[in-house]
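Engineer: Produce the entire structure from the sequences given, and follow the hints as far as they go.
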Amino acid sequence: MSNGTNKIFNVIHGCRVFLKWLHREDVVEIKQMPEEYKTDCKKLLDLGIVYKRNNRTLGIRWQRLRRLVERNGESVPYDADELLSYICRPALSASV
Numbered sequence: 001m002s003n004g005t006n007k008i009f010n011v012i013h014g015c016r017v018f019l020k021w022l023h024r025e026d027v028v029e030i031k032q033m034p035e036e037y038k039t040d041c042k043k044l045l046d047l048g049i050v051y052k053r054n055n056r057t058l059g060i061r062w063q064r065l066r067r068l069v070e071r072n073g074e075s076v077p078y079d080a081d082e083l084l085s086y087i088c089r090p091a092l093s094a095s096v
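Reminder that position 91 of the sequence shown reads as 91 in the numbering used here, one-by-one numbering, no gaps.
Check each hint, because a few of them may be wrong.
As the list claims (entries may be wrong) - Listed below are the simulated DSSO-like cross-link pairs for lysine-lysine, each with C-alpha atoms no more than 27 Å apart in a straight line:
(1) Lys52 / Lys20
(2) Lys31 / Lys52
(3) Lys43 / Lys7
(4) Lys7 / Lys20
(5) Lys38 / Lys52
Stated by the list, open to error - Restraint-style ranges between C-beta atoms, simulated for each label pair:
(6) Ile30 / Arg64: 15 to 23 Å
(7) Thr39 / Arg61: 15 to 23 Å
(8) Ser75 / Ile30: 32 to 40 Å
(9) Lys38 / Arg61: 26 to 34 Å
(10) Glu74 / Asn54: 30 to 38 Å
(11) Asn6 / Arg64: 15 to 23 Å
(12) Glu74 / Pro34: 28 to 36 Å
(13) Asn6 / Arg53: 24 to 32 Å
FYI, nobody ran anything at the bench for these hints, they're computed from the structure.
Predicted model, so just to flag it, every value in this text is computed and none were measured.
Using N, Cα and C, we set each Cβ at its ideal position, and we do this for glycine too.
Structural biologist: Structural data, given as structure tokens:
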């Protein structure tokens with residue numbers, strides 16, 4: 001695995017708290033997002049994992065997230081909750 005791929009995994013793993021929060025919320029208004037998540041949101045927007053709907057609310061591109069995580073060479077769960085659990089595993093950061 002290349003060094004660039006390791007950086008992507010580190011970013012995704014580092015933003016796991018934000019991803020969990022975004023998944024739990026029904027509708028996330030950009031203006032009402034807590035200040036602590038703004039840098040994580042920007043990173044995931046740059047990777048194409050998070051997107052803006054109508055320039056007001058946020059959403060997760062699950063297929064994009066799944067494909068980036070699959071670069072690790074392992075099979076990745078399809079269900080969104082299981083995928084987030086997979087990303088949050090301590091072993092993921094150790095293997096990258």
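Engineer: Does each hint hold? Answer for all of them.
Structural biologist: Against the structure, the hints:
| no. | hint | result |
| --- | --- | --- |
| 1 | Lys52 / Lys20 | 17 Å, holds |
| 2 | Lys31 / Lys52 | 12 Å, holds |
| 3 | Lys43 / Lys7 | 12 Å, holds |
| 4 | Lys7 / Lys20 | 20 Å, holds |
| 5 | Lys38 / Lys52 | 13 Å, holds |
| 6 | Ile30 / Arg64: 15 to 23 Å | 19 Å, holds |
| 7 | Thr39 / Arg61: 15 to 23 Å | 19 Å, holds |
| 8 | Ser75 / Ile30: 32 to 40 Å | 34 Å, holds |
| 9 | Lys38 / Arg61: 26 to 34 Å | 19 Å, violated |
| 10 | Glu74 / Asn54: 30 to 38 Å | 35 Å, holds |
| 11 | Asn6 / Arg64: 15 to 23 Å | 18 Å, holds |
| 12 | Glu74 / Pro34: 28 to 36 Å | 32 Å, holds |
| 13 | Asn6 / Arg53: 24 to 32 Å | 31 Å, holds |
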